[in-house]
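Engineer: We have chain S; now place chain Y onto it with these hints.
Spelled out from the first residue to the last, the chains are:
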Amino acid sequence: MIQQILFVLLAGVAIYFFTKKVMSICRNILLGKDEPLNDQPKLRWRNMFIFALGQKKMFNNPLVAVLHLFVYVGFVIINIEILEIFLDGILGTHRLFAPILGFTLYSILISCFEILAVLVIIGCVIFLIRRNITKVNRFTKPELKGFPFRDANYILITEIVLMTLFLIMNICDSSNFTNDTIYEHFHSSHKIFFGIFSSPISILFKLDSTNNITLEIIERTCWWLHIAGIFAFLNYLPYSKHLHIILAFPNSFFARLNVIGQMENMPLIQKEVVLSFQPERAAEFPGDDAPMKFGAKDVKDLSWKSLMDAYSCSECGRCTAACPANQTGKKLSPRKIMMDTRDRLEEVGNNIDKHGMDFTDNKTLLGDYVSVEELRACTTCNACVEQCPILISPLNIILELRRSLVMEDSNVPNEWAMMFGNMENNQAPWKFSNEDRANWIKE
Amino acid sequence: MVKIMSEMFAAGESPEILFWVGCAGSFDQRVQRITKSFAEILNKVGVSFAILGSEEACTGDPARRAGNEFVFQMLAYQNIQTLNNYNIKKIVTTCPHCFNTLKNEYSALGGNYEVSHHSTFLQELIDAGKIKIKEGGSMKGKKITFHDSCYLGRANNIYEAPRKVLEALDADLVEMKSCRSNGLCCGAGGAQMFKEDEPGDKRINVARAEEAIETGASTVSAACPFCMIMWEDGVKQKNAEAQIELKDIAELIAERMS
Numbered sequence: 001m002i003q004q005i006l007f008v009l010l011a012g013v014a015i016y017f018f019t020k021k022v023m024s025i026c027r028n029i030l031l032g033k034d035e036p037l038n039d040q041p042k043l044r045w046r047n048m049f050i051f052a053l054g055q056k057k058m059f060n061n062p063l064v065a066v067l068h069l070f071v072y073v074g075f076v077i078i079n080i081e082i083l084e085i086f087l088d089g090i091l092g093t094h095r096l097f098a099p100i101l102g103f104t105l106y107s108i109l110i111s112c113f114e115i116l117a118v119l120v121i122i123g124c125v126i127f128l129i130r131r132n133i134t135k136v137n138r139f140t141k142p143e144l145k146g147f148p149f150r151d152a153n154y155i156l157i158t159e160i161v162l163m164t165l166f167l168i169m170n171i172c173d174s175s176n177f178t179n180d181t182i183y184e185h186f187h188s189s190h191k192i193f194f195g196i197f198s199s200p201i202s203i204l205f206k207l208d209s210t211n212n213i214t215l216e217i218i219e220r221t222c223w224w225l226h227i228a229g230i231f232a233f234l235n236y237l238p239y240s241k242h243l244h245i246i247l248a249f250p251n252s253f254f255a256r257l258n259v260i261g262q263m264e265n266m267p268l269i270q271k272e273v274v275l276s277f278q279p280e281r282a283a284e285f286p287g288d289d290a291p292m293k294f295g296a297k298d299v300k301d302l303s304w305k306s307l308m309d310a311y312s313c314s315e316c317g318r319c320t321a322a323c324p325a326n327q328t329g330k331k332l333s334p335r336k337i338m339m340d341t342r343d344r345l346e347e348v349g350n351n352i353d354k355h356g357m358d359f360t361d362n363k364t365l366l367g368d369y370v371s372v373e374e375l376r377a378c379t380t381c382n383a384c385v386e387q388c389p390i391l392i393s394p395l396n397i398i399l400e401l402r403r404s405l406v407m408e409d410s411n412v413p414n415e416w417a418m419m420f421g422n423m424e425n426n427q428a429p430w431k432f433s434n435e436d437r438a439n440w441i442k443e
Numbered sequence: 001m002v003k004i005m006s007e008m009f010a011a012g013e014s015p016e017i018l019f020w021v022g023c024a025g026s027f028d029q030r031v032q033r034i035t036k037s038f039a040e041i042l043n044k045v046g047v048s049f050a051i052l053g054s055e056e057a058c059t060g061d062p063a064r065r066a067g068n069e070f071v072f073q074m075l076a077y078q079n080i081q082t083l084n085n086y087n088i089k090k091i092v093t094t095c096p097h098c099f100n101t102l103k104n105e106y107s108a109l110g111g112n113y114e115v116s117h118h119s120t121f122l123q124e125l126i127d128a129g130k131i132k133i134k135e136g137g138s139m140k141g142k143k144i145t146f147h148d149s150c151y152l153g154r155a156n157n158i159y160e161a162p163r164k165v166l167e168a169l170d171a172d173l174v175e176m177k178s179c180r181s182n183g184l185c186c187g188a189g190g191a192q193m194f195k196e197d198e199p200g201d202k203r204i205n206v207a208r209a210e211e212a213i214e215t216g217a218s219t220v221s222a223a224c225p226f227c228m229i230m231w232e233d234g235v236k237q238k239n240a241e242a243q244i245e246l247k248d249i250a251e252l253i254a255e256r257m258s
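Those sequence lines, one after another, are chains S and Y.
Residue numbers for the first sequence follow the numbering used here, beginning at 1 and rising by one.
Residue numbers for the second sequence follow the numbering used here, beginning at 1 and rising by one.
The shape of chain S in the complex, shown without the other chains:
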């Protein structure tokens, strides 16, 4: 009974704080500008199925993709087992599903979970090696120093620990497979299961009735550590890059569907330009003249989708590895753009929590987080967009920041100022007369 009360209390606290954080993330995302992204539902479901669930782009590197799939499938499927753990915790039962499913089915399920748990451990160990020992290039970039680097390690280590606890729990519980009378005092009414890894181990170590109290203590300890670990992990998730495990789904669902070369139109400027030539077309552009703000200076000026992109980013760095500017030693890193956007958005959100909606801290994403030099290095080649496994567009943010830089701040390098001038006066980026455009015909 005490264990039940403790469990419900722990679960309640964990779920309360998780929900609170999730709601604050949703609010933060909705601080962004409206962008309608719910057309073509069929295609959107397809994208979610292929890119989030199917992890299609991960398979550009099959070995990493398979390991990632182990960790992911293991993590998700073992959550079915968590349902049992959760119900056991509330009801004070022990392995509630065993009698319901029967010995064979339950044994098959548990054995599958154990196989997955072992695969998760293998995957996580290899990932730890890639990050810490072989130091894959994209994990050593400057934006990953400090918390982002530790974050990845925390997640991997936690997963290894959770899976190990799960396996130890099973070893303790399956030890009565060798002798039906062993555990009768604490779950006498239960049928026992056979675990593909746990049972052979318990048999190997001859775990039997003589040390059953020890086993019970170990089992209980593992059970509590496991579930407490899961609750802690749940609450760590929203602060971590690991949030992609959830947000990959909505993020690929709401991904922009037009060809990636297409840039978002700015109807207000279109209106101004068209009406300056043809005032009679005013009827084509209804709606009020909201005060114009060009591009994005801060996170609130970005589309809500770009803000969800930022929270979805798993900081894997495939974008940065593919970026031609980054490859040639420029400051620009698309991953840093995403991390900066998330950090700034969290800061804005915290300010709102502390000081209310209208508070301003006189900081902006452009300038305080992302530098002009970074923005200027982008060739808009879309390599980052192409690479992202969960359809994030760092380029969209870069281009919106550039718009603000140029149109709000008139912060333009000389060469571009000349280019703009030429385009306005000669209709070409170079200083040639438009009259000479067809000269090549005669030559």
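Do not rely on the hints blindly, as some may be mistaken.
With a Cα cut of at most 30 Å, we get these calculated DSBU-like pairs of lysine-lysine [claimed, not checked]:
{"hint": "1", "chain 1": "Y", "residue 1": "Lys164", "chain 2": "S", "residue 2": "Lys56"}
{"hint": "2", "chain 1": "S", "residue 1": "Lys442", "chain 2": "Y", "residue 2": "Lys3"}
{"hint": "3", "chain 1": "Y", "residue 1": "Lys195", "chain 2": "S", "residue 2": "Lys293"}
{"hint": "4", "chain 1": "Y", "residue 1": "Lys177", "chain 2": "S", "residue 2": "Lys57"}
{"hint": "5", "chain 1": "Y", "residue 1": "Lys130", "chain 2": "S", "residue 2": "Lys442"}
{"hint": "6", "chain 1": "Y", "residue 1": "Lys130", "chain 2": "S", "residue 2": "Lys331"}
{"hint": "7", "chain 1": "S", "residue 1": "Lys431", "chain 2": "S", "residue 2": "Lys21"}
{"hint": "8", "chain 1": "Y", "residue 1": "Lys202", "chain 2": "S", "residue 2": "Lys442"}
{"hint": "9", "chain 1": "Y", "residue 1": "Lys236", "chain 2": "S", "residue 2": "Lys57"}
{"hint": "10", "chain 1": "Y", "residue 1": "Lys177", "chain 2": "S", "residue 2": "Lys331"}
{"hint": "11", "chain 1": "Y", "residue 1": "Lys134", "chain 2": "S", "residue 2": "Lys431"}
{"hint": "12", "chain 1": "Y", "residue 1": "Lys44", "chain 2": "S", "residue 2": "Lys331"}
{"hint": "13", "chain 1": "S", "residue 1": "Lys354", "chain 2": "S", "residue 2": "Lys293"}
{"hint": "14", "chain 1": "Y", "residue 1": "Lys177", "chain 2": "S", "residue 2": "Lys442"}
{"hint": "15", "chain 1": "S", "residue 1": "Lys431", "chain 2": "Y", "residue 2": "Lys3"}
{"hint": "16", "chain 1": "Y", "residue 1": "Lys238", "chain 2": "S", "residue 2": "Lys141"}
{"hint": "17", "chain 1": "S", "residue 1": "Lys271", "chain 2": "Y", "residue 2": "Lys164"}
{"hint": "18", "chain 1": "Y", "residue 1": "Lys142", "chain 2": "S", "residue 2": "Lys442"}
{"hint": "19", "chain 1": "S", "residue 1": "Lys141", "chain 2": "Y", "residue 2": "Lys195"}
{"hint": "20", "chain 1": "S", "residue 1": "Lys271", "chain 2": "Y", "residue 2": "Lys89"}
{"hint": "21", "chain 1": "Y", "residue 1": "Lys177", "chain 2": "S", "residue 2": "Lys141"}
{"hint": "22", "chain 1": "S", "residue 1": "Lys141", "chain 2": "Y", "residue 2": "Lys202"}
{"hint": "23", "chain 1": "Y", "residue 1": "Lys202", "chain 2": "S", "residue 2": "Lys145"}
{"hint": "24", "chain 1": "S", "residue 1": "Lys442", "chain 2": "Y", "residue 2": "Lys134"}
{"hint": "25", "chain 1": "S", "residue 1": "Lys331", "chain 2": "Y", "residue 2": "Lys195"}
{"hint": "26", "chain 1": "Y", "residue 1": "Lys143", "chain 2": "Y", "residue 2": "Lys177"}
Quick caveat, the hints were computed from the structure, so don't treat them as lab data.
Structural biologist: Same frame as chain S, but now just chain Y:
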């Protein structure tokens, strides 16, 4: 024989397609050769076409991507007025940047045209048997590599058309380390063409030239005037002008068609 749209219009004629030449194609001496080659092909296969000449303006792509939407919208407005006045339906262009803007971005502004890039256009002509390679025109045994332009490949998913065009030449097509959707940019996009690189270890076009040198190809083929300009410079920086010939797919075809 290249006709100007305004003259054709005055004579009451209308061309099958409008050849959008683009700024680089009009003014840059190296890229003019691509323009001329493509016009030559069009004439040879008997496609009726016209160019806008002095009525053509930059599509606005570099301004838009640099962040200056005003300049973009002004040029776009001007071009759409011109194109719509001439009732243009079909456009073909040798520039992927123009292609992307005309095809994907003008429609939101009231300019709706069937736009093709010359790689697709050439492929269709080859498939239809209208372009035939002359005797001795084969590039058999010659190693050639193709550079994917970002605005053709990733931006618009056109990877196969230019390669099919090269296949018609029977050349030995080899790929660079990064190709197709992983293709490395030439360094020109997003208005980079018009300014110095930001501080870094090396120029992007030099990095790209190194990839081409690695393949051992004697010809690098591109399908974008901006890529061509960047490549010319990148290959020069690596002192590889003697070993690598740079050609647009239109030039390769024009030189070898019967």
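Engineer: The structure should be examined with respect to each hint, and the outcome stated for every one.
Structural biologist: Quick rundown of the hints versus the structure:
1. Of the pairs offered as hints, the one joining Lys164/Y and Lys56/S holds, with about 27 Å between alpha carbons and a cut-off of 30 Å not exceeded.
2. With a C-alpha separation of about 12 Å, the suggested pair Lys442/S and Lys3/Y falls inside the 30 Å cut-off, and the hint holds.
3. A hinted pair counts as satisfied when its Cα atoms are at most 30 Å apart, and Lys195/Y with Lys293/S qualifies at roughly 26 Å.
4. About 19 Å separates the Cα atoms of Lys177/Y and Lys57/S, which keeps this hinted pair within 30 Å; it holds.
5. Between Lys130/Y and Lys442/S the CA atoms are separated by roughly 27 Å; this keeps the pair inside 30 Å, and the hint holds.
6. A C-alpha spacing of about 49 Å is found between Lys130/Y and Lys331/S, which places the hinted pair above 30 Å, so the restraint is violated.
7. This hinted pair does not check out: Lys431/S and Lys21/S have alpha carbons roughly 55 Å apart, beyond 30 Å.
8. A threshold of 30 Å between alpha carbons decides the hint, and for Lys202/Y with Lys442/S the separation of about 39 Å lies outside it, so the pair is violated.
9. With a C-alpha separation of about 36 Å, the suggested pair Lys236/Y and Lys57/S falls outside the 30 Å cut-off, and the hint is violated.
10. A hinted pair counts as satisfied when its Cα atoms are at most 30 Å apart, and Lys177/Y with Lys331/S qualifies at roughly 23 Å.
11. Restraint check for Lys134/Y and Lys431/S: not satisfied, since their Cα atoms lie roughly 40 Å apart, outside the 30 Å limit.
12. Between Lys44/Y and Lys331/S, the direct Cα distance comes to roughly 49 Å. Violation of the 30 Å bound is thereby established for this hinted pair.
13. A distance of roughly 27 Å separates the Cα atoms of Lys354/S and Lys293/S; the hinted pair therefore holds under the 30 Å criterion.
14. At roughly 41 Å between alpha-carbon atoms, Lys177/Y and Lys442/S are farther apart than 30 Å, so this suggested pair is violated.
15. The straight-line distance between the Cα atoms of Lys431/S and Lys3/Y is roughly 25 Å, inside the 30 Å bound, and the hint therefore holds.
16. Restraint check: the Cα-Cα separation between Lys238/Y and Lys141/S comes to about 28 Å, which is no more than 30 Å; the hinted pair holds.
17. With a CA separation close to 42 Å, the supplied pair Lys271/S and Lys164/Y exceeds the 30 Å bound.
18. Annotation: proposed proximity of Lys142/Y to Lys442/S is violated, straight-line Cα distance about 34 Å (limit 30 Å).
19. Between Lys141/S and Lys195/Y, the direct Cα distance comes to roughly 26 Å. Compliance with the 30 Å bound is thereby established for this hinted pair.
20. A hinted pair counts as satisfied when its Cα atoms are at most 30 Å apart, and Lys271/S with Lys89/Y qualifies at roughly 24 Å.
21. Of the pairs offered as hints, the one joining Lys177/Y and Lys141/S holds, with about 22 Å between alpha carbons and a cut-off of 30 Å not exceeded.
22. The straight-line distance between the Cα atoms of Lys141/S and Lys202/Y is roughly 18 Å, inside the 30 Å bound, and the hint therefore holds.
23. In summary, the hint linking Lys202/Y to Lys145/S is supported, as the alpha carbons are separated by about 24 Å, within the 30 Å threshold.
24. Under the criterion of a C-alpha separation no larger than 30 Å, the hint pairing Lys442/S with Lys134/Y is consistent with the structure, at around 27 Å.
25. A hinted pair counts as satisfied when its Cα atoms are at most 30 Å apart, and Lys331/S with Lys195/Y qualifies at roughly 16 Å.
26. Taken as a hint, the Lys143/Y and Lys177/Y pair is honoured in the structure, with Cα atoms around 15 Å apart against an allowance of 30 Å.
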